[in-house]
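Protein chains in written order, with my numbering: chain A, 10 to 364; chain B, 10 to 364.
Hints in this document: simulated from the structure, not taken from any laboratory. Incorrect hints may appear among the rest.
Same chains, same names: a pair is fine if it fits in one copy or spans any two.
[To be verified] Straight-line Cα separation of at most 25 Å, SDA-like style, residue types lysine to any residue; simulated pairs:
| # | residue 1 | residue 2 |
| --- | --- | --- |
| 1 | 195 | 122 |
| 2 | 357 | 314 |
| 3 | 300 | 119 |
| 4 | 112 | 18 |
| 5 | 113 | 321 |
| 6 | 268 | 316 |
| 7 | 273 | 119 |
| 8 | 13 | 278 |
| 9 | 289 | 325 |
| 10 | 289 | 356 |
| 11 | 244 | 157 |
| 12 | 113 | 24 |
| 13 | 13 | 363 |
| 14 | 13 | 120 |
| 15 | 13 | 362 |
| 16 | 136 | 155 |
| 17 | 153 | 126 |
Protein chains: 2
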Amino acid sequence: MTYKTLLGTSDFLESLRGKTASFYLSASYTQSSDIEGISQAGLKGLLHLTPVLDFEFLCVQEVRSLENIAVTPSGIPTPAIITRAVHTLKAFASLEFLDLGVKKLPQLEHFPIHNFDISFSHAINTKTTINAFDIFQKGLEFGKTHESSGEYTILAESVPSGTTTANALCLALGYEVENKFSSSFKNAPNKIKDTLIKEALVLCEKKVDIFEKAAQSADNMLIFNAGFVLGQSSKNKKLILAGGTQMAAVLLLVNSIVKEMNVKFDASNLAICTTKWLEKDENSDFVGILKLLDFSINAYASTFDFQNSSSKILKKYDEGEAKEGVGAGAALCYAAINNIKEEELLEKIQHFVGE
Amino acid sequence: MTYKTLLGTSDFLESLRGKTASFYLSASYTQSSDIEGISQAGLKGLLHLTPVLDFEFLCVQEVRSLENIAVTPSGIPTPAIITRAVHTLKAFASLEFLDLGVKKLPQLEHFPIHNFDISFSHAINTKTTINAFDIFQKGLEFGKTHESSGEYTILAESVPSGTTTANALCLALGYEVENKFSSSFKNAPNKIKDTLIKEALVLCEKKVDIFEKAAQSADNMLIFNAGFVLGQSSKNKKLILAGGTQMAAVLLLVNSIVKEMNVKFDASNLAICTTKWLEKDENSDFVGILKLLDFSINAYASTFDFQNSSSKILKKYDEGEAKEGVGAGAALCYAAINNIKEEELLEKIQHFVGE
Numbered sequence: 010m011t012y013k014t015l016l017g018t019s020d021f022l023e024s025l026r027g028k029t030a031s032f033y034l035s036a037s038y039t040q041s042s043d044i045e046g047i048s049q050a051g052l053k054g055l056l057h058l059t060p061v062l063d064f065e066f067l068c069v070q071e072v073r074s075l076e077n078i079a080v081t082p083s084g085i086p087t088p089a090i091i092t093r094a095v096h097t098l099k100a101f102a103s104l105e106f107l108d109l110g111v112k113k114l115p116q117l118e119h120f121p122i123h124n125f126d127i128s129f130s131h132a133i134n135t136k137t138t139i140n141a142f143d144i145f146q147k148g149l150e151f152g153k154t155h156e157s158s159g160e161y162t163i164l165a166e167s168v169p170s171g172t173t174t175a176n177a178l179c180l181a182l183g184y185e186v187e188n189k190f191s192s193s194f195k196n197a198p199n200k201i202k203d204t205l206i207k208e209a210l211v212l213c214e215k216k217v218d219i220f221e222k223a224a225q226s227a228d229n230m231l232i233f234n235a236g237f238v239l240g241q242s243s244k245n246k247k248l249i250l251a252g253g254t255q256m257a258a259v260l261l262l263v264n265s266i267v268k269e270m271n272v273k274f275d276a277s278n279l280a281i282c283t284t285k286w287l288e289k290d291e292n293s294d295f296v297g298i299l300k301l302l303d304f305s306i307n308a309y310a311s312t313f314d315f316q317n318s319s320s321k322i323l324k325k326y327d328e329g330e331a332k333e334g335v336g337a338g339a340a341l342c343y344a345a346i347n348n349i350k351e352e353e354l355l356e357k358i359q360h361f362v363g364e
Numbered sequence: 010m011t012y013k014t015l016l017g018t019s020d021f022l023e024s025l026r027g028k029t030a031s032f033y034l035s036a037s038y039t040q041s042s043d044i045e046g047i048s049q050a051g052l053k054g055l056l057h058l059t060p061v062l063d064f065e066f067l068c069v070q071e072v073r074s075l076e077n078i079a080v081t082p083s084g085i086p087t088p089a090i091i092t093r094a095v096h097t098l099k100a101f102a103s104l105e106f107l108d109l110g111v112k113k114l115p116q117l118e119h120f121p122i123h124n125f126d127i128s129f130s131h132a133i134n135t136k137t138t139i140n141a142f143d144i145f146q147k148g149l150e151f152g153k154t155h156e157s158s159g160e161y162t163i164l165a166e167s168v169p170s171g172t173t174t175a176n177a178l179c180l181a182l183g184y185e186v187e188n189k190f191s192s193s194f195k196n197a198p199n200k201i202k203d204t205l206i207k208e209a210l211v212l213c214e215k216k217v218d219i220f221e222k223a224a225q226s227a228d229n230m231l232i233f234n235a236g237f238v239l240g241q242s243s244k245n246k247k248l249i250l251a252g253g254t255q256m257a258a259v260l261l262l263v264n265s266i267v268k269e270m271n272v273k274f275d276a277s278n279l280a281i282c283t284t285k286w287l288e289k290d291e292n293s294d295f296v297g298i299l300k301l302l303d304f305s306i307n308a309y310a311s312t313f314d315f316q317n318s319s320s321k322i323l324k325k326y327d328e329g330e331a332k333e334g335v336g337a338g339a340a341l342c343y344a345a346i347n348n349i350k351e352e353e354l355l356e357k358i359q360h361f362v363g364e
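Chain A with its partners taken away, still in its complex shape (with noise of 0.2 Å):
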């Protein structure tokens, strides 16, 4: 297995080659994902539990707050079985939970899961209830604080309708990203997604924080993590995180707040991770939304598909279905620095679809 350096160079992952990570999984649910067609993230009327099942079934190889792991409507798993994969073959250092507003919390013992007392958020074409500046604080507080127990840290979301939120926020922030957001679906419900969009920018208008805007055009997740970055920077360790389009925006957040403080910000120990469904994607531009940084990032993309997997469900991916969350890209990348075999990994993949 390998990957592609998409930006920078290949020095940060490879330093980083047969080192063992600590992998969090930020996880929040917006009303937003309520909105019919909007996301494909999950069951049908049940999207708010799919963190919780992702988590579930990456810690233990079971869902326990439903029935079945998280599918798409057209039966597609979600990528939580890439990232459990990797993780029997070579383990996580820990697997920790990020409770930033889900409705019910994993059925789990022996996992940590972190409260910061955040609540779910309403839809953004609504009143948000989004406190944005305190949630940013409390990522910034455990970016600062947390030890983590790996020798870096992988940094995951489980969001759905997440991409939505995560293009809303950056044309509220000022960015040209029209076209560059990502779908869970391999044909983006875009009509919907761009009308929902379009009433929180309208809601947005005459704010000018760059806090209120995010109240009332991001999820918690993205707010958050841009506070955790910023947080982990005055650190000496090595930060991924492992997404494709949302991630990047999170890193877009970071950017205007940087630039908002006028404070210097260091990215040299942080990288963004994701999957070659994401980075091939000819809906989306992750290239291009990491290029609208005033700093320069290291990113990378796994080469890992389903190719030579004899699965049809699996072979989804492939068409551009699903495409990366949980951390599945950069749990791909890390599998290519500690010598997984592809496989193993295909063979264990296919075991949890039953194929």
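Following the hints, position chain B against chain A.
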């Protein structure tokens, strides 16, 4: 894969089974290597770049300070490809560069490059500029104070024409090492080497002090590493000298210093590991050199060779070209005690040379 115990018992190496090592590359440049035909460890006219290219390839699998990896005039690739292949299969805890007077630093981020304010040295048949006692003390201090991240330490070298300076040093110190030293050539250019050594020994004749002798006959690596070995000996951490006759010369220098200073030296946490090619070399006598030591030492050689490879270029190693360097022998022993499969390793190495 396995290894052979040349001196001592297998206990030292067996006690390290499954553990991770930090890997240090002592890199130095002596203008002795500019003498036409003396070394084939690198590209003609650019031999001073060899240690830098070796380290770049080891860390990121590409060379940045030149277009191609260091090859001998007959096209034999550097042993760095062997060490890199091992690293990708069982990563070292860290890869660190000890700048003992290279003309150019490796172009890398995120990999420690230790600066000791040591300049490259002139050819040993001229007035060398080495301040041997100062370099020795820097090695001693680093060995005493530096905390490596691995469970034990591998100290390797990359010094073009280093076997010649190693030979000269041992003769200057009064050891009977005629015909015991190796060369990166299959057919060693004995005339050129012997002339240079004789000229250095003439300049050494009136010198009494060990460090003065070393200053005239050695290279920076030999002197620094002797200090490092003595500095480390006060620690409860195992150290493997990774190399052939050059590292054996480091031990003879340690031996002379210990005798001269009349101090006790405990070598129980120390071993030396080399390749099969060096051990089997008919033109040198690795074990013979080690037998001149007044203390006993554990010595091992990997049993790996390219017999099962279809690569003609790699088979040159089996014929006696290149033989050792960049810690290849110790890396192969590391592979042996970490359950790396020979076929897998071979495949990696062949991939690097495009076969």
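Against the structure, the hints come out as follows:
Proximity of residue 195 and residue 122 under a CA criterion of 25 Å is satisfied in neither setting, with 32 Å inside one chain copy and 46 Å between copies. Taking identical chains as interchangeable, the C-alpha atoms of residue 357 and residue 314 lie at most 25 Å apart whether they share a chain (14 Å) or sit on different chains (21 Å). In this assembly of identical chains, residue 300 and residue 119 lie within 25 Å of each other by CA distance solely across copies; the values are 22 Å between and 40 Å within a copy. For the homomeric pair residue 112 and residue 18, the shortest alpha-carbon distance between copies (23 Å) is at most 25 Å, but the shortest distance inside one copy (40 Å) is not.
In this homomeric assembly, residue 113 and residue 321 never come within 25 Å of each other (Cα to Cα): the closest approach is 32 Å inside a single copy and 53 Å across copies. Proximity of residue 268 to residue 316 under the C-alpha cut-off of 25 Å is found in neither arrangement, the shortest distances being 43 Å within a copy and 60 Å between copies. With identical chains, the CA atoms of residue 273 and residue 119 are at most 25 Å apart between copies only, with a shortest distance of 20 Å across copies and 38 Å within one. Within a single copy, residue 13 and residue 278 get their C-alpha atoms as close as 18 Å, which meets the 25 Å cut-off; across copies the closest is 41 Å, which misses it.
For a Cα distance limit of 25 Å, the shortest separation of residue 289 from residue 325 inside one copy, 14 Å, qualifies, whereas the shortest one across copies, 42 Å, does not. When the C-alpha separation of residue 289 and residue 356 is checked against a cutoff of 25 Å, the pair qualifies only within one copy, where the shortest distance is 24 Å, while the shortest distance between copies is 29 Å. Proximity of residue 244 to residue 157 under the C-alpha cut-off of 25 Å is found in both arrangements, the shortest distances being 11 Å within a copy and 20 Å between copies. With identical chains, the CA atoms of residue 113 and residue 24 are at most 25 Å apart between copies only, with a shortest distance of 21 Å across copies and 38 Å within one.
Taking the closest pair of Cα atoms, residue 13 and residue 363 come within 25 Å of each other only across two copies (19 Å); inside a single copy the shortest separation is 30 Å, beyond that limit. Within a single copy, residue 13 and residue 120 get their C-alpha atoms only as close as 32 Å, which misses the 25 Å cut-off; across copies the closest is 19 Å, which meets it. For a Cα distance limit of 25 Å, the shortest separation of residue 13 from residue 362 across copies, 20 Å, qualifies, whereas the shortest one inside one copy, 27 Å, does not. Within a single copy, residue 136 and residue 155 get their C-alpha atoms no closer than 32 Å, and across copies no closer than 57 Å, so neither meets the 25 Å cut-off.
In this assembly of identical chains, residue 153 and residue 126 lie within 25 Å of each other by CA distance solely inside one copy; the values are 18 Å within and 35 Å between copies.
Checked against the numbered hints given earlier, the structure breaks hints 1, 5, 6, 16 and satisfies all the rest.
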